[in-house]
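Kindly produce the complete structure, drawing on both the sequences and the hints.
Number of protein chains: 2
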Amino acid sequence: MEIKQYIKENEARFMEELFSLIRIPSISALPEHKDDMLACALRWKELLLEAGADEAMIMPSQGNPLVFAQKHISDEAPTILIYAHYDVMPAEPLELWKSQPFEPEIRDGHIWARGADDDKGQAMIQVKAFEYVVKHGLLKHNVKFIFEGEEEIGSPSLNAFIKEHKELLKADVILVSDTSMLGADLPSLTTGLRGLAYWEIEVTGPNRDLHSGHFGGAVANPINTLCSILAKVIDEDGRITVPHFYDDVEEVPAAEREMIAQIPFDEQKYMAAINVKALKGEKGYSTLERNSCRPSFDICGIWGGYTGEGSKTVLPSKAYAKVSCRLVPHQNHEKISKLFVDYINAVAPDYVKVKVTPMHGGEGYVCPITLPAYQAAEKGFAKAFGKKPLAVRRGGSIPIISDFEQILGIKTVLMGFGLESNAIHSPNENIPLDIFRKGIEAVVEFHLNY
Amino acid sequence: MEIKQYIKENEARFMEELFSLIRIPSISALPEHKDDMLACALRWKELLLEAGADEAMIMPSQGNPLVFAQKHISDEAPTILIYAHYDVMPAEPLELWKSQPFEPEIRDGHIWARGADDDKGQAMIQVKAFEYVVKHGLLKHNVKFIFEGEEEIGSPSLNAFIKEHKELLKADVILVSDTSMLGADLPSLTTGLRGLAYWEIEVTGPNRDLHSGHFGGAVANPINTLCSILAKVIDEDGRITVPHFYDDVEEVPAAEREMIAQIPFDEQKYMAAINVKALKGEKGYSTLERNSCRPSFDICGIWGGYTGEGSKTVLPSKAYAKVSCRLVPHQNHEKISKLFVDYINAVAPDYVKVKVTPMHGGEGYVCPITLPAYQAAEKGFAKAFGKKPLAVRRGGSIPIISDFEQILGIKTVLMGFGLESNAIHSPNENIPLDIFRKGIEAVVEFHLNY
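Chains A and B are the protein sequences, given in the same order.
Per UniProt numbering, residue 1 is the first one in the first sequence, and the count goes up by one each step.
Per UniProt numbering, residue 1 is the first one in the second sequence, and the count goes up by one each step.
Since the hints were derived computationally from the structure, they do not count as laboratory data.
Hints are supplied without guarantee of correctness; some may be wrong.
Since the list can't tell identical chains apart, any single copy or any two copies may satisfy a pair.
[As the list claims (entries may be wrong)] Taking lysine-lysine pairs in the DSS-like style, the calculated list, with each CA pair at most 25 Å apart, reads:
(1) LYS335 - LYS353
(2) LYS312 - LYS338
(3) LYS269 - LYS283
(4) LYS232 - LYS388
(5) LYS232 - LYS355
(6) LYS318 - LYS232
(7) LYS232 - LYS283
(8) LYS170 - LYS140
(9) LYS353 - LYS232
(10) LYS312 - LYS98
(11) LYS353 - LYS277
These numbers were taken from a predicted model, which means no experiment stands behind them.
What follows is the structure, encoded as structure tokens:
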């Protein structure tokens with residue numbers, strides 16, 4: 001049976017299955033949902049078996065359990081590992097939802113619910129495509145599934161789990177549907193992610209809060225000093241001043257810059273959506289280059305002194321900041337972390353004590369468009385959406401993708417079907433039914449072409 | 001009877017009277033002590049009448065009541081207005097006190113209690129000197145007392161009270177014992193106070209917190225921007241860069257600089273006490289000049305973005321700072337406030353919105369050493385402490401002193417007997433009995449010489 005027809009005939013069941021997952025509020029951030037995590041994992045186990053897996057099992061981790069399943073075709077055939085996550089973000093603020101977050105509803109051609117896209121809906125796309133190819137005898141390779149329950153809280157247990165189960169997770173390529181496309185009419189595949197390095201800075205001036213009248217002007221204020229230090233990190237041209245920071249940054253290839261320039265992008269609309277009058281970034285690069293192919297430096301948090309109501313004069317003892325850099329592929333986050341610590345220590349004046357603590361980091365990621373699995377995915381999108389997808393780099397970081405590469409030595413193809421309007425992590429999360437169907441078609445086509 | 005002898009014979013009673021005030025926990029910051037405020041005011045009323053006032057009364061204000069008392073000698077004689085405050089700071093942390101803060105104790109020649117110095121002890125010095133001159137028929141001028149109960153919370157009701165009672169408070173000079181000396185062997189009179197201007201700055205970038213991966217590098221981060229703006233306010237030489245900021249700043253006269261240079265000051269000890277390795281301030285000025293005769297700029301508080309545990313990546317919507325300048329005499333705080341607002345708006349880049357809100361301010365103050373009342377005070381200190389007191393400017397601000405000057409048109413002589421070791425506002429506040437006695441002698445001598 002042709003895939004379009006198969007979806008038509010089985011869609012009511014697909015919805016029932018997806019809704020049965022959505023109705024379990026598997027919110028990983030909230031400890032009171034501990035039982036829901038296991039319930040959701042168990043439901044996936046059932047659904048994976050029903051979809052055609054030979055075996056499926058719940059696997060414990062340091063945190064929430066994982067679901068592993070597989071369909072073995074042949075020892076000689078390549079193996080695809082499909083990663084997804086069954087946990088969701090909290091649904092607050094509840095009053096902004098038009099229908100209940102954990103009572104899925106179909107309205108205006110969309111499925112509305114927490115997890116409708118991220119990642120229950122997108123994972124279901126993978127599972128239903130798998131079901132189709134298995135049931136029609138079209139599967140030529142082995143398929144493994146690993147679904148985790150802690151993605152929305154930063155996958156704290158996944159790294160150790162992967163290291164422990166290298167053999168079980170052995171595969172030739174990883175397939176993930178957890179990213180988004182440029183638009184419903186602008187299919188795209190994510191081929192790059194930025195890395196991350198994160199630090200906390202503590203500046204200590206005097207050993208206690210001082211009277212700013214008695215000491216002000218004579219003793220360095222740690223907040224003033226912290227601001228001066230942080231103001232130095234980016235220069236007039238929007239470049240990061242840390243020595244050797246750009247050493248491993250590959251210039252964006254001309255061909256890629258041309259492709260980026262072709263992405264329909266309305267800067268006025270972009271600014272209006274976030275209500276700013278002007279943009280700011282590294283000189284010589286466009287906005288889309290700046291937020292995807294170039295590194296950035298952001299102060300994520302700052303605090304010190306008196307922050308209550310009204311006014312209190314004080315020359316405080318301490319000032320703090322949490323700062324981060326988005327890195328581009330080839331920049332090693334540990335090397336960058338050290339360069340940054342050295343730099344801040346070097347520019348720190350002798351009238352304060354400065355402590356820079358690396359918090360965490362992750363490598364960037366690039367998926368070569370010459371990868372056979374990438375090309376199969378490209379064909380899938382082209383078939384389902386009627387046009388060849390653009391290869392785009394994204395500015396965010398998905399640390400697990402680089403963990404997979406580092407620990408398992410496998411590339412990942414980010415075959416995501418999300419849309420910005422799907423409002424993941426927000427009230428009224430949804431996925432258009434049309435996209436859900438096209439997603440299944442695209443993944444089926446991937447299997448046929450891999 | 002000679003004053004020394006008078007103190008000796010009456011000291012037990014002085015202590016009893018002072019202790020009766022101290023035992024009333026008149027903590028203005030804590031609403032649960034509302035009744036104590038009135039109780040303390042009433043006790044002062046009794047004591048002022050017993051000390052020789054013709055009349056004394058409790059006067060309501062928008063906040064805590066004030067105590068007014070007077071002794072009228074002659075319509076032709078000049079009038080001295082003695083200001084003090086009967087409220088005290090909270091006593092926390094209680095566990096650091098060696099004896100109970102509101103159960104005064106005499107140990108090792110000191111009185112230990114909250115308010116022993118600030119300002120019950122120092123006010124008592126004034127009242128007992130007044131008692132002596134009245135009882136011995138030595139008072140040649142009229143004396144008025146005004147004791148408020150909100151000094152430790154910024155005297156919020158005093159300004160309106162003064163404006164309403166200009167006639168009642170009419171005087172030729174104001175006498176205040178609420179400051180400190182350089183040391184027990186280094187008597188000094190405070191002749192200058194710095195003014196203050198205070199602002200809150202709000203920087204708004206995007207209209208909501210953004211994903212630092214998706215937007216970082218392309219959209220200006222308001223914390224980065226705030227740091228850059230604040231870093232510009234002080235230049236390499238430690239000078240404030242606001243245009244026209246120094247227009248009204250009088251260069252410290254050479255004679256005064258010479259006097260300052262003579263003040264025994266150990267910079268190494270000063271640094272060790274606050275545990276800093278180096279000092280920082282305006283080029284061309286000494287530490288004692290910087291913290292008393294020169295303006296300063298301090299960031300009193302800063303906050304924005306994620307300030308919790310661990311790391312969270314965010315490109316926040318807002319960043320805030322509370323900033324203040326200490327001003328020197330002749331700098332008008334309203335003029336400076338406007339200059340600062342204009343400057344920040346001028347340097348604010350177009351990719352953020354910046355709002356600068358003036359919070360409060362006060363003028364600096366100078367007491368000319370040619371003022372007859374100053375010279376009488378100088379004689380008082382010389383007699384009691386055996387050496388001529390130094391005239392020193394202090395870096396702090398006492399807004400009420402400039403309010404008195406502006407509203408009533410009267411200069412104040414700051415005849416304070418505190419010592420740094422008296423630990424005002426801290427656990428184990430105390431006053432040496434020896435200083436208490438010398439204070440009374442000095443004030444008696446002031447009355448005889450004014």
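Comparing the hints with the structure gives:
1. LYS335 - LYS353: Cα proximity of LYS335 and LYS353: one copy only (23 Å, versus 36 Å across).
2. LYS312 - LYS338: Cα proximity of LYS312 and LYS338: across copies only (20 Å, versus 37 Å in one copy).
3. LYS269 - LYS283: So LYS269 and LYS283 pass the 25 Å test inside one copy only (21 Å; across, 49 Å).
4. LYS232 - LYS388: Neither. Shortest intra-copy (44 Å) and inter-copy (50 Å) distances fail the 25 Å Cα cut-off.
5. LYS232 - LYS355: Both: 17 Å inside a chain and 23 Å across chains, each within 25 Å.
6. LYS318 - LYS232: Both ways: LYS318 and LYS232 sit 19 Å apart in one copy and 20 Å across, limit 25 Å.
7. LYS232 - LYS283: So LYS232 and LYS283 pass the 25 Å test inside a copy (17 Å) and across (22 Å) alike.
8. LYS170 - LYS140: within (17 Å within a copy, 102 Å between copies)
9. LYS353 - LYS232: both (17 Å within a copy, 21 Å between copies)
10. LYS312 - LYS98: Neither: 44 Å inside a copy, 29 Å across copies.
11. LYS353 - LYS277: between (38 Å within a copy, 9 Å between copies)
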